[in-house]
Each structure stands twice: as structure tokens, then as C-alpha cells.
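Taken in order, these protein sequences are the chains called A and B.
If you count the first sequence from 1, position 43 lands on 43 in my numbering, and the numbers rise without skipping.
If you count the second sequence from 1, position 76 lands on 76 in my numbering, and the numbers rise without skipping.
Certain hints may be false.
[As the list claims (entries may be wrong)] Facing chain B, a subset of chain A residues (Cβ under 8 Å, in silico): (1) A40; (2) Y46; (3) E58; (4) L74; (5) R91; (6) E116.
Simulated from the structure, these hints should not be mistaken for laboratory data.
Even for Gly, the Cβ is constructed at its ideal location relative to N, Cα and C.
Here's the letter readout for the chains.
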Amino acid sequence: MDGNDDSQSGAAPESASELVERIAQDRDRRAFALLFAHFAPRVKAYLRRLGVADGQAEDLAQDVMLTVWRRAHLFDRRQAGVSTWIFTIARNKRIDAIRRERWPQVDPNDPALVPESERQADRIVEDDQRSDRLRQAIATLPEEQADLLRLSYFEEKSHGTIASELNLPLGTVKSRLRLALARLKPLLEDVK
Amino acid sequence: MTVRHLPPEDLLLDYAAGNLPEPLALLVAAHLTLAPESRRIVAELESVGGAMLEDIEPAEIAPDALESVLARLDAEEPEAPAAAPPLGSPSTARMTDSGIILPAPLRERIGGDVDCIKWRQRGGGVAEYDVLPNYPGFRARLLRIRAGGGVPHHTHEGREVTLVLDGSFSDECGHFERGDVEVAGSDVEHKPVAGPERDCICFAVTDAPLRMTGPFGRILNYFVDM
Numbered sequence: 001m002d003g004n005d006d007s008q009s010g011a012a013p014e015s016a017s018e019l020v021e022r023i024a025q026d027r028d029r030r031a032f033a034l035l036f037a038h039f040a041p042r043v044k045a046y047l048r049r050l051g052v053a054d055g056q057a058e059d060l061a062q063d064v065m066l067t068v069w070r071r072a073h074l075f076d077r078r079q080a081g082v083s084t085w086i087f088t089i090a091r092n093k094r095i096d097a098i099r100r101e102r103w104p105q106v107d108p109n110d111p112a113l114v115p116e117s118e119r120q121a122d123r124i125v126e127d128d129q130r131s132d133r134l135r136q137a138i139a140t141l142p143e144e145q146a147d148l149l150r151l152s153y154f155e156e157k158s159h160g161t162i163a164s165e166l167n168l169p170l171g172t173v174k175s176r177l178r179l180a181l182a183r184l185k186p187l188l189e190d191v192k
Numbered sequence: 001m002t003v004r005h006l007p008p009e010d011l012l013l014d015y016a017a018g019n020l021p022e023p024l025a026l027l028v029a030a031h032l033t034l035a036p037e038s039r040r041i042v043a044e045l046e047s048v049g050g051a052m053l054e055d056i057e058p059a060e061i062a063p064d065a066l067e068s069v070l071a072r073l074d075a076e077e078p079e080a081p082a083a084a085p086p087l088g089s090p091s092t093a094r095m096t097d098s099g100i101i102l103p104a105p106l107r108e109r110i111g112g113d114v115d116c117i118k119w120r121q122r123g124g125g126v127a128e129y130d131v132l133p134n135y136p137g138f139r140a141r142l143l144r145i146r147a148g149g150g151v152p153h154h155t156h157e158g159r160e161v162t163l164v165l166d167g168s169f170s171d172e173c174g175h176f177e178r179g180d181v182e183v184a185g186s187d188v189e190h191k192p193v194a195g196p197e198r199d200c201i202c203f204a205v206t207d208a209p210l211r212m213t214g215p216f217g218r219i220l221n222y223f224v225d226m
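Please build the complete structure, drawing on both the sequences and the hints.
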């Protein structure tokens, strides 16, 4: 990978966290443009997979990137990688726009929130390097497991829906997804 | 003390992927507020979503898209940063030190905490409040069961997911306290009994009308959809 900052490789996942932090600290438009070049086409593809029409998918993808700009200072690289963060923004925006529902989420300021224990808080969930290993692991999953992951994440299909569409017992769908996730879990865990 | 009864992973995956209808998403979000271990699992599942987003075949973006977005940046104010987490001793899953019973997603939906709820008495020491009365295909209710009291025997045609918010209940599957989730399918006929120490408040979502069983239940079935 070359070190030319102006190339697409500048938006490769390894430096995405840095780009978001530059936006947060300096309102860096060049950093934003690099993130946009990398993520806007992917967010749009995600929305199109979910059945959103082309024009609306284009608009929503732009809205997602504007949200990235507005919330860059709230991004914490210790909590999640950039692609995960943007995935959740896109997920919520899609539900908001298409289902006209606000996706219920935990409120970090909720007095009823039970905080993580210190030991839990020490564990990093994800960083850019782990994200790469995760992607490689997904690429090596058996096709039947990878298909189910795609149906879950990209086609809004619950386990029950997948079972009836593929004519599989619900138990089979659950165990295949569980197997797929079990293979990915070791790549998600890291204890300091 | 930590929450012992976590939801099945398929429910958490469907939450992370955005595949739940609102009543169940609300229940999961309320559970996550009380269960840090489940939050960790959901974060891992969202990471999988992120990895898949990286690898999706990119779509064509309009050539002037970046330009038009850049032009809008000036009008975008940074969102207010999250305030610092509340001070004071962290509440454990089993107690409500803060005095607040409903997690924020439910408080927002209802417009307040438990003390502002107008309960509807169902008889037998059970009261209920319909949280999402207009959501098709689902019943999503807060239930208040008198301490030591039971819920009339029932089976379900669909799935019933119950989150305990205050007090406790026990049934054939175990003992459930604040933050615990029980999932009961149509094969389970269960007889939950509230713990003796206080009324049990829980949030129950079913995806089919409850069938009441037992002699008393048959009469109640007349009223189940009222």
C-alpha cells in the first residue's frame, strides 16, 4: 500500500480512525473527503441491498456521512472501529427513514444504566487491525454460513424469516449462525 | 451481581442487524441498559456488521456527491458531546439505587417512570399497561404482579419475551430478577409466581395473542383482546 495521502488507500481501514479524529480535532475536510470516498459507496450499497431505491439510497448515504462529520468528536476508537460505527449510523438511519421508527438504543447518560465492571471495561472490543482479521475470517467461512450472515445484516431478515424463505428448520438457521459467530468471536476478544 | 438470564443470541443478532420489530427492539434496548455483558455481545455483533460493510461491493455514487456534501458541511453544527456519566455508586443489576425503574428507552416511550403509569387491573393481582397499543401483530405490555401472586396459567401461540424490571418471578425455567430475560415458546406452559418481597414489574412482548388455559383462563380468553 503506498503512502500517497491523496490516493484511495488513504481511506483504508487502518487509518480510518485517524481520519475521524482529524475531523474531530481540526474539522479537516480532506480527511472527510477520504472517508467519504471509501464509505459513501459502501453505505449506499448496503442501503440498496435492503431494497432502498437508488435516489433515496444516495440521499441517505450522504446523510450518514454528514452524521459522521457532526459526530466525529463522539467517536471513541477504543469502543469500536470506524466501519462498525458507520454501520450503526447507517442501520439507524435506514430504520428511521424506511420504517419511520426510531431504533431504541441504550442511553449512555441513563441513571438506570448498569455500568461495566472495571475488568470488562479494560477489554477492547475492536480496533482497525482486528477489523481486518475479522474480514479475512468472514471470507473463509463456509458459504452456507456466510450466506446467512449476509441475509441477517444486509437483507433485514430475522432468523424466522430466513428459515421460512430457505425452507430450513429454525434450529438449523440458529446453529449455523451460531457456528459462524463462534468462529469469529476469538477475533473480537482481547484482554489487556 | 450480574444478570444471569441473557436473551438468546439470535435475539441479540437480530437487534445488532436492525431486524427486530419495534416492541422487541425496545425490550432488548431496555435489557441492554441493565446488562453490560449483553452490551458487549451486541458490540461484537455490530463489529461483524462493520466488517461486512467494508467488504460489500461498493455502489456508484453521483459524481458531484462529494462536492454537494462538502458544501453542506458549513451548516452542520457538531452534536453536543455526551455529558459525563452520572456520579454516585453504580447501581447493580439487582437494585434500583437511582430509584429509577424503567430504563431510558421505556421511559421515553411511556413519557415517565413507573409512578406515572395508569395501570389497568386484570384481576388476580395482575395489572397491565399497554406500551405500544397500535403496533400490529404484537402485544407489548408492562405487567405488575402482586408480590407472591401468580399470572393466570397461559400458553402462547407465538413467542413471549419477558424482561424483569423490578422484583422477581420464578417458574419452571428458573428465577428471574431485574435485567433477566425469559423467552417462552408455544411449547411451554408456564406458571410464573412473583417473589414475596415486592410486586414484580416486567415488560412482556408476545407476537400472538395469549391463550389463557385452566378453568379461570377460559373465561379470561373472552377478554384477552379487549
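Do the hints match the structure? See the list:
1. The interface hint given for A40 (chain A) holds, since its Cβ lies 5 Å from the closest Cβ of chain B, which is under the 8 Å cut-off.
2. Here the hint on Y46 (chain A) is kept, as its CB sits about 6 Å from the closest CB of chain B, short of 8 Å.
3. Checking E58 (chain A) against chain B: minimum C-beta separation of about 6 Å stays under 8 Å; hint holds.
4. Proximity of L74 (chain A) to chain B holds as hinted, the smallest CB-CB distance being about 6 Å (cut-off 8 Å).
5. Hint on R91 (chain A) holds. Least Cβ distance to chain B is approximately 4 Å, under the 8 Å limit.
6. Residue-level restraint check for E116 (chain A) holds (minimum Cβ-Cβ distance to chain B is 4 Å; threshold 8 Å).
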